[in-house]
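Generate coordinates for the entire structure from the input sequences, incorporating the hints supplied.
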Amino acid sequence: MTSDPEHETTPMYLIKPDLKTYLDGFFYAVVLTVIPFALVWLSDMKKTPGVIVITAFAVIQIGIHMRYFLHYSTERAPVSATISIALAIIAGVVFVGGALWIMGDLNARMMP
Amino acid sequence: MSIDSVPTIHEDLFGFKHNEPDKIDIHGERALAFWFYLMSDAMIFAILFANFGILVHGTAGGPDMSEILNMPRVALQTALLLLSSLTFGLVTISALSKNRNVAIIWLCVTFALGAGFLILEIGEFSEMVAEGATPQVSGFLSAFYVLVGTHGLHMVFGLGMLTVMLIQFLTKGLTLPVLSRLYRVGLFWHFLDLIWVAIFSYVYLPGALN
Amino acid sequence: MFGRLTWEAIPTYSAVALSGAAVTVLGAVAIVVILTYFKLWKWLYVNWLTTVDHKKIGVMYIILAFIMLLRGFADGIMMRAQQMMAIDGVGYLTHDHFQQVFTAHGTIMIFFVATPFFSGLANFILPQQLGSRDVAFPFMNAVSFWLTAAGAVLVLISLAIGEFSTAGWTGYPPYSGVGRSPGVGVDYWIWSLFISGWGTTLTGINFAVTITRRRAPGMTLMKMPIFVWTVLCSSIIIMFAFPALTVDLVLLMGDRLLGTHFFTAEDGGNFMNFANIFWMWGHPEVYLLVLPAFGIYSEVVATFSGKPIFGYKTMVQATVIITVVSMMVWLHHFFTMGSSATVNAIFGIATMIIGIPTGMKIFNWLFTMYRGKVRMHSTMYWAIGFMVLFMIGGATGVMHAIVPLDYNLHNTTFLVAHFHNVLIPGVLFGYIAGYQYWFPKAFGFTLDERWGKLSFWGWAIGFTLVFTPLYILGLMGLPRRTAVILDSGMAPLLYVSFIGALVVFFGIFALGMQLYVSIKNRNKLRDTTGDPWDGRTLEWSIPSPTPEFNFARVPVADELDIYANRKRNGKSLTWGELSDIEMPNDTICGFLIGAFSFLLGFGFIWWMWWMAFIGFVGIIGVIIFRSFIDHAEHEVSVDEIREALGAHPSLGEQTAGGVA
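Protein chains in written order, with this note's numbering: chain P, 1 to 112; chain G, 1001 to 1210; chain B, 2001 to 2660.
The hints are simulated quantities; they were obtained by calculation from the structure and are not laboratory data. Remember, it's a predicted structure, so these values are computed and weren't measured experimentally. A few of these clues could be false.
As the list claims (entries may be wrong) - Here are the computed lysine-lysine pairs in the DSSO-like style, where the Cα-Cα straight-line distance is at most 30 Å:
id, chain 1, residue 1, chain 2, residue 2
1, P, LYS16, G, LYS1172
2, B, LYS2313, B, LYS2373
3, G, LYS1098, P, LYS16
Structure, rendered in structure tokens:
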């Protein structure tokens, strides 16, 4: 058995986070929030490209929150937590994407 | 009877090293269970988002997103929640440094920021109701209220958890169970901020686009 | 004060409904009288209401499932009788009452028979198969049970106070909306499902953590018994699919209570979205029920063939594939809703794909029996009967996956026969087999074989007689849920179907007789070794009934079927010294949370807001109170362990000889 002494002695919930990670995370989050807000507020973007840009920033920011605030990383969290996150992403994409697809398709076939 | 020596123990796919039960890490199990719970909760929000996406055009002649959108307030709410994530980080750091009084101060600041967020949200809802944009008007407004309101309800529970943490800081001190509970409350609090990112990106901001 | 609860809530509209109410009320009164007469209240409180022992909770789940099975079966046979009597006539039930009956039948069978039966069996056996002393969160486990029980009590009470939903077990709006169903029926349906749904969600999280963290030393993932694998996959399904049900119910509640427009036909609502969200949960739900049954068949077939399960790896792969694909097929429940051909085709193909891993499993069981020393124990009857009958259900399922065919078959009794064909031989046979297989672990004696086999024949023949006619009638075009039959040509088949229901009743009666006869002959049937079937997995290495702490010392499990292998080599499973064991304390908090959530639900159903408020505050209060308790464990000393184990070999010190 290969053992990683640090992992064994300090459980996930007792690892003291660095102040710097929070400040870094905060900084990234502010930047990633301000840009989409500024885009919709100040520029005159069309709906579709605007939504794509906003979504991209949201996805990145959610990743930042996971990394810097929830302190998620593959080394630190148990692998089962990682699996559950992966499953949640798959299930979320399938459910949300599937639901929008099904109902959108149905809507298009309805009488106006 | 031949009694075996200690068996060979392998680390498995879950990264879990099998120990004897008297070394069970109950707080680690609770942390893991809380991750599982958060993923389940994330599915609740995923389905509410899907529901919003399906009903967003069902305005039935009532107001649409661009008409109920108040950008400064959303920006302020976002700022408050993001700041509260930072201050919760400071709670965690000072609690793990055994610095109880500082932790309590940051906990109160976090509570105030969260409460400020909720007051703004209640203000938003009551303004909308006063203007006649109630959830009964259209499918779109129903979906809006239930998605934003579910996040708000989580925030209320979050504030309750912060209060419980404050009392336990004062009565129990920074014991292991309290610190492990603080970790889970922290996960919950940061998770709510994460959901809010999805809400302002998916619900509010597209309303400001042409 | 009493909201909309008035004297009119007593079901005086028909004698049948009134007698149903009477049976419910008298049953409750009888229980109270018996408990008082034999002075059992303290016993009930100490041993059952406050327990956090996973074995006792498992037993309570199974008792709940059997009680609700009786109720659900009563509904079922009433429907058969109505359809038989209503040929060119009116039958003995009013239409409204008939609708309540089929709604209650479906709701009860899925939520309060199959689901608690799964939770009960898994609760009881999972920690024992893992070599663990309890589930990861014993208190949360108790909460789960009492939430499920609170939901079940709501369903039962609807028989005496008010009415039940008439909207079918799926409760589709707009019919279940407030415009067409203004009464309390749909609210009963919503709240019983909502409360028990939370219980199931907590169970799923609990099992998932237990399986990831509480395995015996050496038990890597690919050394877990198949049943554990299936429970793990079911837990994953619970965690990711149950939120859909929760959301759907809350939104429908909003429509009914607040006048929102999620599922209304006007003002921008979209009632087809209800079906969409409902089946995101509903389809995975049937797989979460059937997978553990597959796990039980795997255990039973391997044990009674005296061989390891054939194709362990493919079995695991099939289980995981079914888990993932089961979340991607939900549209096949509403092919006829009007989606385009592309959408229907993709979901139809995904549905057919599920047939492949399921077929793989059937072959694995067959090859396990092949050249094994098969002992025809009663549980093997259920397993083999399942393989034969389930094949028909699977084949008709693939028929439904063919979209053009589904357009003809949907909403007929062909569909009804199909899903009963999957749920009765697939799920229920498996759970009954599990109940008979693990019964000695709970009570220390085995069940009577003769009545067990008679019960199987009752169920298998009765099932065939009930549902083969329904297949044919469905092809003839008989719609499901019909209170009146207009074509007298259908009469002979409906008579056969009713006779089948009577034969099923004999099967249930035989289950009861089996229990009675076994208790009477318990000394003869006593299981002294703890291993009555020559088992292969860890639970058989400890005494029957299982002691409070399960394992005196932690067992090893570094190979598959470890107990069978160690028995062959004459080696011990356990190692190390006996030491004190820490066990969780009993608490009434779980029961209180269940009771408060009952008040919450009942208050909401009848608009008694003060009661709902008490319930809500009570739940939160108990949770906060619990969070202040840091130490909820007590020690079991070495002496107590020795006393509990007696001369059982798992103590490992008594004899110098080999292991039994």
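field: Hinted pair LYS2313(B) and LYS2373(B), Cα distance within 30 Å
entry: Holds, at about 22 Å.
message: With the threshold set at 30 Å, check whether the alpha-carbon distance from LYS1098(G) to LYS16(P) stays at or below it.
response: With Cα atoms ~11 Å apart, LYS1098(G) and LYS16(P) stay inside 30 Å; holds.
query: For the pair supplied as a hint, LYS16(P) and LYS1172(G), is the alpha-carbon distance within the 30 Å limit?
result: holds (20 Å)
Checked against the numbered hints above, the structure breaks none of them.
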